[in-house]
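Chain C is fixed; fit chain G onto it per the hints.
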Amino acid sequence: MVSIKLDSVSLVYKLHEKLTLSAPDRRVSGPGGRIESSGRKQFVQALDGVSFELKAGDRLGLVGPNGAGKTTLLKVLYGIYEPTEGSIAIEGKVDALFNINIGFRREATGRRNIVLRGLISGWTEAEIEEKMEDIIAFSELGDFIDLPFKSYSQGMAARLAFSAATALDPEILLMDEWIGAGDASFQDKAKRRMDELAEKAGIIVLASHNESLIQSVCTKKLTLKSGRIESLTTEPPKRMGSAAKR
Amino acid sequence: MIAALNGAVDDISKAMKLHRVWIALAHEDIGDQHRRTTLGPLWLLVNYVAFVGTFVFVFQPAGKDAAGYSAYVAIGLLVWFYLMEVMSTSVALFQREESFIEGTTLPLFVYVMRLGLQSVIRAGYAIAGCIAILIVSGSPVTFPWLWSLAGLLLILFVTPALTTVFAFLGAFFPDSQFIVGNLLRVGMFFTPVFWMNNGQDPIQKYAYEWNPFTYFLEIVRLPIINGEFPVHAFIVTIIASLLTWAIALLLLGRYRKQVVFLI
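Protein chains in written order, with our numbering: chain C, 1 to 246; chain G, 247 to 509.
Do not take every clue at face value.
Claimed, not checked - Stretch-level coverage of chain G by chain C, calculated; a stretch enters the list once three of its residues show a Cβ under 8 Å from a Cβ in chain C:
no. : stretch
1   : 260-268
2   : 272-279
To be verified - Under the rule of at most 25 Å between Cα atoms (straight-line distance), these lysine-lysine pairs were calculated in the BS3-like manner:
no. : chain 1 : residue 1 : chain 2 : residue 2
3   : C       : Lys131    : G       : Lys263
4   : G       : Lys503    : C       : Lys41
5   : C       : Lys189    : C       : Lys150
6   : G       : Lys503    : C       : Lys14
7   : C       : Lys93     : G       : Lys503
8   : G       : Lys260    : C       : Lys93
9   : C       : Lys200    : C       : Lys5
10  : G       : Lys263    : C       : Lys93
11  : C       : Lys41     : C       : Lys225
No lab work stands behind these hints: they were computed from the structure. Nothing here was measured: the structure is a model prediction, and the numbers come from that model. By construction, the Cβ of each residue, glycine as well, lies at the ideal position given by its N, Cα and C atoms.
Bound conformation, chain C alone (with noise of 0.2 Å):
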């Protein structure tokens, strides 16, 4: 059963000060949030005691300002951070759409680029075959797809990304932020893709500081502030429409 447990997740690092030659206000380095001292040793709170449970069908949005939490936690339930404090509890395949253009070689074809991408995705050689016609067909590159990924215009290469970290539908999908790609037609098909992901994927969680987007899309709202729930709201979602394009 797919599911999701937080309890009491804290996360806190040392603003390490690197042994650098250069000055003191370069030597700082790691994601945003509150920044406390304890003596001399500077440590940022970037989330602080967020308990919270989400189960098949969950679409969770979060929002709040710019350095509220909303990647950090996104990346702790990805595992790339790793929590100090609390624990969490991840049912279900994981996947993520933070950088849509990550693994992409300028000088590799946009067939070679869709191999490359999967194999980081952790696909199997035979996942990447069954995908590879749907991806280039979704994409909608034609002949493209031979030529060299810096051959593509922003558009194009923004329609194979997308395509491409789209293809497989993970159990537990967490996004950041809305994925612009392409022009206008493929925008609406990329809706109706993220349309479909979010009726297979068990759990969706949903970065965005589009307040309709959040709110056609998903069924639960939690605002974080300085590293902390503010709010966690139950509603069901409104259609998608017109209010939900940027």
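What follows is chain G alone, placed relative to chain C:
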């Protein structure tokens, strides 16, 4: 410490299961580096042969040592260039892979193996050049060549560990990529890559005996040059390799989840 080692082993075993990822990416990397060139990766062979030729032309000693000098330099440069490339490219490894590390859950060791395989492919061209030089310069193919092969395998074994250690060094200490680059350039002169230790010069003797890279060179070179099995060099290299692996495993196990906050 046990937990750290378990974490490292877990990361490595996951990366090994994903071997198709790093094999595909490493091949793409090599292809990209030489795309649109007429000779392609054969430039690696040309570069190597040109380097060896220059060193032999400039530094070949007169007299009885002259005959073996080509073989000496060919093997010395082969091993040194390989080690130098592994170390200098590893320092910025995690920074280069930033988008992958922040966007996927691929184990860190995938990036280590991707870079390692790249270096091995590049070295393959130099090995072809080295064998050609050895044959042309009159080194007969004999049984001790197998000991050289064992030496190469030992260097191959330590490569991922070396990459891991230098990658963490670069993540914690970004300036190290320049420091390491400079040290390696200078290091070539303190390592018996193209000079021979005659035991007379105290500085040369010190640089020969106390430089661990000497032994990495000698396990490949001495079997071919002298037809002997260099026991001492093998022992030193094995100990250095195991120590490097121990440090690499501890770093990987302890800090692999911290890297994303460092880059």
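Query raised in the report: What are the numbers of the hints the structure violates, in ascending order?
Result: none
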